[in-house]
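Those protein sequence lines, which keep their order, are chains A and B.
In this note's numbering, each number is its position in the first sequence, counted from 1, plus 20.
In this note's numbering, each number is its position in the second sequence, counted from 1, plus 20.
Worth flagging that the hints you see were computed from the coordinates, not collected in a lab.
Glycine is no exception: its CB is placed at the ideal position from the N, C-alpha and C atoms.
Check before you lean on any hint, since a few could be wrong.
With a straight-line cut-off of 27 Å between C-alpha atoms, the simulated DSS-like cross-links for lysine-lysine are [to be verified]:
(1) Lys201/A <-> Lys303/A
(2) Lys319/A <-> Lys303/B
(3) Lys245/A <-> Lys42/A
(4) Lys42/A <-> Lys201/A
(5) Lys245/A <-> Lys206/A
(6) Lys274/A <-> Lys245/A
(7) Lys303/A <-> Lys245/B
(8) Lys319/A <-> Lys258/A
(9) Lys201/B <-> Lys341/A
(10) Lys338/B <-> Lys303/B
(11) Lys258/A <-> Lys77/A
(12) Lys106/A <-> Lys258/A
(13) Lys245/B <-> Lys335/A
(14) Lys338/A <-> Lys303/B
(15) Lys303/A <-> Lys201/B
(16) Lys274/A <-> Lys303/B
(17) Lys303/B <-> Lys335/A
(18) Lys258/B <-> Lys206/B
(19) Lys341/B <-> Lys201/A
(20) Lys206/B <-> Lys303/A
Rough simulated footprint, nothing fancy, chain B against chain A, three-plus residues with beta-carbon under 8 Å [said to hold, decoys possible]:
(21) 100-110
(22) 180-187
Number of protein chains: 2
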Amino acid sequence: MVNVAILGYGVVGSGVAEVIHKNANHISEKAANEITVKYVLDVRDFPDAPFGMRFVKDFSIIENDPEVQVVVETIGGTGAALEFTKRCLAAGKNVVTSNKELVAEYGYELLHMARERNLNYLFEASVGGGIPIIRPISQCLAANELNEVYGILNGTTNYILTRMVRAGLTFQDALREAQAKGYAEKDPTADIEGYDACRKICILSALSFGSHVYPRQVATEGISKITLRDVGYAESGKRKIKLLGRAVRLPDGKISAYVAPHLVPDGSSLSNVEDVFNGIVVKGDAIGDVMFYGRGAGKFPTASAVVADVIDAAKHFKARKYLDWLPGGDDVTVDSAILPTRWYIRANATQEQAGNSFGEIEMLRSPDAPAGEIAFLTAEFNKREIETRGTDLDILARIRVLG
Amino acid sequence: MVNVAILGYGVVGSGVAEVIHKNANHISEKAANEITVKYVLDVRDFPDAPFGMRFVKDFSIIENDPEVQVVVETIGGTGAALEFTKRCLAAGKNVVTSNKELVAEYGYELLHMARERNLNYLFEASVGGGIPIIRPISQCLAANELNEVYGILNGTTNYILTRMVRAGLTFQDALREAQAKGYAEKDPTADIEGYDACRKICILSALSFGSHVYPRQVATEGISKITLRDVGYAESGKRKIKLLGRAVRLPDGKISAYVAPHLVPDGSSLSNVEDVFNGIVVKGDAIGDVMFYGRGAGKFPTASAVVADVIDAAKHFKARKYLDWLPGGDDVTVDSAILPTRWYIRANATQEQAGNSFGEIEMLRSPDAPAGEIAFLTAEFNKREIETRGTDLDILARIRVLG
Numbered sequence: 021m022v023n024v025a026i027l028g029y030g031v032v033g034s035g036v037a038e039v040i041h042k043n044a045n046h047i048s049e050k051a052a053n054e055i056t057v058k059y060v061l062d063v064r065d066f067p068d069a070p071f072g073m074r075f076v077k078d079f080s081i082i083e084n085d086p087e088v089q090v091v092v093e094t095i096g097g098t099g100a101a102l103e104f105t106k107r108c109l110a111a112g113k114n115v116v117t118s119n120k121e122l123v124a125e126y127g128y129e130l131l132h133m134a135r136e137r138n139l140n141y142l143f144e145a146s147v148g149g150g151i152p153i154i155r156p157i158s159q160c161l162a163a164n165e166l167n168e169v170y171g172i173l174n175g176t177t178n179y180i181l182t183r184m185v186r187a188g189l190t191f192q193d194a195l196r197e198a199q200a201k202g203y204a205e206k207d208p209t210a211d212i213e214g215y216d217a218c219r220k221i222c223i224l225s226a227l228s229f230g231s232h233v234y235p236r237q238v239a240t241e242g243i244s245k246i247t248l249r250d251v252g253y254a255e256s257g258k259r260k261i262k263l264l265g266r267a268v269r270l271p272d273g274k275i276s277a278y279v280a281p282h283l284v285p286d287g288s289s290l291s292n293v294e295d296v297f298n299g300i301v302v303k304g305d306a307i308g309d310v311m312f313y314g315r316g317a318g319k320f321p322t323a324s325a326v327v328a329d330v331i332d333a334a335k336h337f338k339a340r341k342y343l344d345w346l347p348g349g350d351d352v353t354v355d356s357a358i359l360p361t362r363w364y365i366r367a368n369a370t371q372e373q374a375g376n377s378f379g380e381i382e383m384l385r386s387p388d389a390p391a392g393e394i395a396f397l398t399a400e401f402n403k404r405e406i407e408t409r410g411t412d413l414d415i416l417a418r419i420r421v422l423g
Numbered sequence: 021m022v023n024v025a026i027l028g029y030g031v032v033g034s035g036v037a038e039v040i041h042k043n044a045n046h047i048s049e050k051a052a053n054e055i056t057v058k059y060v061l062d063v064r065d066f067p068d069a070p071f072g073m074r075f076v077k078d079f080s081i082i083e084n085d086p087e088v089q090v091v092v093e094t095i096g097g098t099g100a101a102l103e104f105t106k107r108c109l110a111a112g113k114n115v116v117t118s119n120k121e122l123v124a125e126y127g128y129e130l131l132h133m134a135r136e137r138n139l140n141y142l143f144e145a146s147v148g149g150g151i152p153i154i155r156p157i158s159q160c161l162a163a164n165e166l167n168e169v170y171g172i173l174n175g176t177t178n179y180i181l182t183r184m185v186r187a188g189l190t191f192q193d194a195l196r197e198a199q200a201k202g203y204a205e206k207d208p209t210a211d212i213e214g215y216d217a218c219r220k221i222c223i224l225s226a227l228s229f230g231s232h233v234y235p236r237q238v239a240t241e242g243i244s245k246i247t248l249r250d251v252g253y254a255e256s257g258k259r260k261i262k263l264l265g266r267a268v269r270l271p272d273g274k275i276s277a278y279v280a281p282h283l284v285p286d287g288s289s290l291s292n293v294e295d296v297f298n299g300i301v302v303k304g305d306a307i308g309d310v311m312f313y314g315r316g317a318g319k320f321p322t323a324s325a326v327v328a329d330v331i332d333a334a335k336h337f338k339a340r341k342y343l344d345w346l347p348g349g350d351d352v353t354v355d356s357a358i359l360p361t362r363w364y365i366r367a368n369a370t371q372e373q374a375g376n377s378f379g380e381i382e383m384l385r386s387p388d389a390p391a392g393e394i395a396f397l398t399a400e401f402n403k404r405e406i407e408t409r410g411t412d413l414d415i416l417a418r419i420r421v422l423g
């Protein structure tokens, strides 16, 4: 029998309890062990608590119960979640989490604590919800030198962009719709400004390249400035605007990671990733491109990834998993402003002025373009170069182009 | 130090040696152990053998060397591969393979032998080349009850179908081109008649549903009868023809698996899987749809999956992996003829005759249709029903429609 404690009975935490209960036989078989939720920690009261779980408000009951072998942390954030995770590891308990913020900020430290104690700290659910991605990168692609990882990492913004393209909604209207459907929170900042995607690309970078990348090292731009005019021009160029997190290992071994909107070509593997779905592409020297696709969020997809880690922890009490990376630091990363890509530019200018500033350009057409407005794609420039060029033009939008 | 022996120095076997050599540092770090190829078994002579490997022609040298802990079987087929795999397991050696035919026919037996000896028998490379799929299904999705798995499992046929759509080549011309490019073998039967996809869906079924499904239990149809007329009609209905392997767990727990061409809708996750790429969709009760996408074949993608398993075996000498399933049998599977789908029909008939035979139909248009020919999509029928209906029509083609 494996006793589990769940910290935080919110959307994911209650989903974990439900998945463990609902698929009990199947899960016990996979884990070669019966898995039971012994405690749930939450400050709130749940008088009708199901599944015979014991609700506690005092963390030390869990900390001091030697029968608890696996703790599921679904509190979120870096406050109590950090403290309790450390205390669980110190008490010899394996920890499983969906908390991307904690892993992005303190992943190295927590993995190091876990390693020293021969414990597992697992976080499959922290990126891509229920899409298997952490384990495939760390294990299945282990024979590859990975040199790039990128993708649609945030379902909320992808839903908004999809609705702008398909239904012609403005950003604000699409956001309101996403909120009404429960896909976006009341305060949508973390999603729409790219902070959520930033945390996820930090975790993917660390896994893929072996050194911690901290959120402050990742230039992060969201989608709140994307207009229907940009969506329309992109469409006329057979492209879609998607918010991507992207991390590259440069030839000198340094890592450059950023979050920004991109125009991706129709027919590319990411262009069909719509609505709240996520798609993550990993490039390896032997395998080439691999993509993982599925629901990137939601109660049960996320809970199922957490429970898969619980099963894994239960099977590996004496064997640590592959997860591990170096502490990182400012000598490991490089500002993404040096990464060259093509660019989409919308400006009040003539084609001749644009050509003078940017050299060879590919014009995009829009039937209802206001007088004087043009949009075009440039050759490859890095961000510094693109900002230097065209300073004499009235530039309305500037978005990276991938592929 | 972990000593590896490679059985068969063909495309995959030599790729494995090269990947282990090329990424040696990285791989040793991942495995927490130095990995060396001690022997290669091949009946042929390789006078310029690289990497200091010792070529042997006598299997018993490997079998009797207690230093060999992991054996890579890349012989293929079910002859010597089966015998040597059994003798390796009997001698206490872990075995890693890319041999889908062997796993599809003898997977249960070999996993059982491995389990009894606390050894690993690993075959990530047997499905989807280098795409991580075996481990994600068996571990990452472990908290889900899976109820369906399907996908484009064969790169050769997908290349041929892609060229028929994009370049308007006939099946024969596209096949010749695939052979010229090295994507199809001189004798292309196993690919174009669906036998290769059949073996892969057997393995995916066993992993997903927990019981061995044997190739003889899988109705298998290839793509050699697909014509450009069918491709054109499909296109007019915003669909593409793809060869799918598909396995479903029915509400009574029985498994139904088959391989057949399907019309899949443009914009669906599989419709963008083109050329030699593979895409595999798994449906779970908690996660919903997840897709895995990448190069399904080729020397280095496949070799990288084999080497990932070697690393895994090296890390788990005393812990078996999750892989395991029941022996299966005829009471476990059900003929796929009972599975309902929509159908595409091309016939020499009138729309009225078609309506009389099939009820509600959706007509497809082709500008260059010969006089008297029509094509249409039906409502859902199983294969038996669809064969019973329309017996009075001159039916030219009948293809399942997915979605």
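Exercise. Hey, Lys258/B versus Lys206/B, does the alpha-carbon distance stay inside 27 Å?
Worked result: violated, 33 Å
Exercise. Are the Cα positions of Lys303/A and Lys201/B separated by 27 Å at most?
Worked result: holds, 23 Å
Exercise. Given the hinted pair Lys319/A and Lys258/A, is their alpha-carbon gap at most 27 Å?
Worked result: Not OK: Lys319/A and Lys258/A at ~34 Å, beyond 27 Å, violated.
Exercise. Taken at face value, is the distance from the CA of Lys77/A to the CA of Lys258/A at most 27 Å?
Worked result: violated, 55 Å
Exercise. Is Lys245/A close enough to Lys206/A, meaning Cα to Cα at most 27 Å?
Worked result: holds, 19 Å
Problem set entry | 27 Å Cα cutoff - pair Lys319/A, Lys303/B | holds, 16 Å
Exercise. Quick one, are Lys338/A and Lys303/B close enough, alpha carbons at most 27 Å?
Worked result: Violated, because 32 Å separates the two Cα atoms, which is more than 27 Å.
Exercise. Taking 8 Å as the C-beta cutoff, is the stated coverage of the segment 180-187 of chain A by chain B satisfied by three or more residues?
Worked result: violated (count 0)
Problem set entry | 27 Å limit on alpha-carbon distance, applied to hinted pair Lys341/B and Lys201/A | The given pair, whose Cα atoms are some 41 Å apart, is violated under the 27 Å limit.
For this session: Could you grab the alpha-carbon distance between Lys106/A and Lys258/A and see if it respects the 27 Å cut-off?
Result: violated, 49 Å
Exercise. Given the hinted pair Lys274/A and Lys303/B, is their alpha-carbon gap at most 27 Å?
Worked result: Distance ~38 Å between Lys274/A and Lys303/B Cα, so the pair is violated.
Problem set entry | Straight-line alpha-carbon gap Lys201/B to Lys341/A, limit 27 Å | violated, 41 Å
When the structure is compared with the earlier hints, violations turn up for hints 1, 3, 6, 7, 8, 9, 10, 11, 12, 13, 14, 16, 18, 19, 20, 21 and 22 and for no others.
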